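Mature numbering (1 follows the signal peptide of the UniProt record, and there is no 0) puts the sequence shown at residues -22 to -1, 1 to 101.
Please note that a few of the clues may not be correct.
Cross-link-like lysine-lysine pairs, in silico, BS3-like; alpha carbons within 27 Å at most [what the hints assert, rightly or not]:
| hint | residue 1 | residue 2 |
| --- | --- | --- |
| 1 | K49 | K80 |
| 2 | K57 | K101 |
| 3 | K101 | K49 |
Pairwise CB distance ranges, derived in the manner of DEER restraints [to be verified]:
| hint | residue 1 | residue 2 | range |
| --- | --- | --- | --- |
| 4 | R69 | R97 | 15 to 21 Å |
| 5 | H51 | R97 | 30 to 36 Å |
| 6 | Q85 | Q52 | 15 to 21 Å |
| 7 | D56 | Q93 | 25 to 31 Å |
| 8 | L96 | T26 | 15 to 21 Å |
| 9 | E55 | G99 | 28 to 34 Å |
| 10 | R97 | D56 | 28 to 34 Å |
| 11 | Q45 | G19 | 28 to 34 Å |
| 12 | K101 | A27 | 16 to 22 Å |
No lab work stands behind these hints, which were simulated from the structure alone. Quick caveat: nothing in here was measured; it's all calculated off a predicted structure. Ideal placement from N, C-alpha and C gives every residue a C-beta, glycine not left out.
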Amino acid sequence: MLKKTFHLLTALLLSFPITTSANESNQQVVNQSVTAEKAQGIWIDVRTAEEFATGHIEGAINIPVEQISAKIHQLIEDKDAPIHLYCRSGRRADVALTELQKLGYRQVTNHGGYQDLLRKGIK
């Protein structure tokens, strides 16, 4: 019994650095996805017009999430164009990302919330 416990604890301790390392690696990828330099491409704010009017990323286009499927073809024909999405928290941007991928757009990124972008230096 003591031997089994020892082996179990050893296995757990050995796997801890592996899982910690993977989580740190994933966090680095998330943190590096938006830096203080605004990514090139088309920025789309999927919040409401009212939210957009209170402040938005410079040069961003406002297409509310419920209109994204209907309006995107009028603005962006190139399915390989880099598209950067954001909203208030990232949830609506995620819905828009899914819709755009269904429509064949291949370079779509959800950058999360507007306030998060401002904190990262994106204006």
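Hint-by-hint comparison with the structure:
1. K49 <-> K80: Within the cut-off at roughly 14 Å; holds.
2. K57 <-> K101: Cα-Cα ~26 Å, so holds.
3. K101 <-> K49: With Cα atoms ~24 Å apart, K101 and K49 stay inside 27 Å; holds.
4. R69 <-> R97: 15 to 21 Å: Given about 18 Å between the Cβ atoms, the range holds.
5. H51 <-> R97: 30 to 36 Å: holds (33 Å)
6. Q85 <-> Q52: 15 to 21 Å: holds (19 Å)
7. D56 <-> Q93: 25 to 31 Å: holds (30 Å)
8. L96 <-> T26: 15 to 21 Å: Roughly 18 Å apart at Cβ, these two residues keep to the hinted range, so it holds.
9. E55 <-> G99: 28 to 34 Å: For G99 against E55, whose Cβ atoms are near 31 Å apart, the range 28 to 34 Å holds.
10. R97 <-> D56: 28 to 34 Å: holds (31 Å)
11. Q45 <-> G19: 28 to 34 Å: violated (20 Å)
12. K101 <-> A27: 16 to 22 Å: holds (20 Å)
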